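All chains should be modelled from the sequences, with the hints used to inform the complete structure.
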Amino acid sequence: MSEYDFGYDGDETSNLSEAGADQQGPKWFREGLAKLSGQVQELKAENDRLKAQQSKSEIENALKAKGYAPAAASLYTGKPDQLDEWLTANGGALAKVAPEGQAQGEVTPQGPPASTVPADGQAEMQRMMEQGTAGVAAPQGSDKEIAAAIAAANTPEEFEKLMRANGNQYNWS
1 MSEYDFGYDG DETSNLSEAG ADQQGPKWFR EGLAKLSGQV QELKAENDRL KAQQSKSEIE
61 NALKAKGYAP AAASLYTGKP DQLDEWLTAN GGALAKVAPE GQAQGEVTPQ GPPASTVPAD
121 GQAEMQRMME QGTAGVAAPQ GSDKEIAAAI AAANTPEEFE KLMRANGNQY NWS
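When the letters of the sequence shown are read in order and numbered with my numbering, they come out as residues 1 to 173.
Hints may be right or wrong, so weigh each one.
[Unchecked claim] In silico DSBU-like pairs for lysine-lysine, Cα to Cα no more than 35 Å straight-line:
hint	residue 1	residue 2
1	K79	K56
2	K44	K27
3	K66	K44
4	K44	K56
5	K51	K64
6	K35	K56
7	K51	K66
8	K161	K144
9	K27	K66
10	K79	K35
11	K96	K79
12	K66	K56
13	K96	K144
14	K51	K35
15	K79	K64
16	K79	K66
17	K66	K96
18	K96	K56
19	K79	K51
20	K44	K64
21	K96	K64
[As the list claims (entries may be wrong)] Restraint ranges, calculated between C-beta atoms of paired labels, are given here:
hint	residue 1	residue 2	range
22	E31	A65	50 to 60 Å
23	A152	A119	42 to 52 Å
24	K64	N166	49 to 59 Å
25	Q82	N47	20 to 30 Å
26	K79	S37	24 to 34 Å
27	D84	S142	42 to 52 Å
28	Q53	P118	15 to 25 Å
29	N90	L50	19 to 29 Å
30	E46	S74	20 to 30 Å
31	E160	P118	31 to 41 Å
These are calculated hints, taken from the structure and not from any lab test. If you're wondering where the values come from, they're calculated on a predicted model, not measured in any experiment. Virtual Cβ for every residue (Gly too), placed ideally from N, Cα, C.
Quick look at the structure:
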């Protein structure tokens with residue numbers, strides 16, 4: 001017996017409590033790790049589902065903005081940033097959607113909008129528009145400049161010339 005033996009003879013019975021503790025610890029750790037691994041897999045699946053839903057939403061919005069039916073998003077399986085290339089190749093086969101407030105098949109009118117003036121006032125409105133610009137220049141300069149020029153006019157002829165130059169059609173003679 002050695003002086004450092006402390007009365008133990010080194011048989012396997014001395015390590016039983018340690019062996020039991022070692023087995024319990026790793027088993028608990030393995031169970032906890034399996035539980036965490038399952039949670040990570042669930043979160044990963046949820047994240048993948050949300051990413052796919054967001055991508056589909058982006059594609060639907062892009063298709064709608066380009067005038068195609070948003071249902072065509074189920075046909076496209078690529079990335080949202082490659083949609084234009086796919087539309088160039090396959091866009092002819094997709095259904096176009098009419099803009100909001102317009103029936104399918106209805107053509108959008110080109111040019112200025114129709115007048116809101118009633119039919120009986122159309123001729124008078126046209127005559128007023130023609131007379132409004134007949135030989136008259138738009139006022140030149142600011143109000144202060146025009147007021148200063150009027151104040152500086154010394155003769156009725158200068159005043160008349162100034163008034164005509166600024167859009168007044170009155171016959172001063």
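Violations among the numbered hints: 9, 13 and 28
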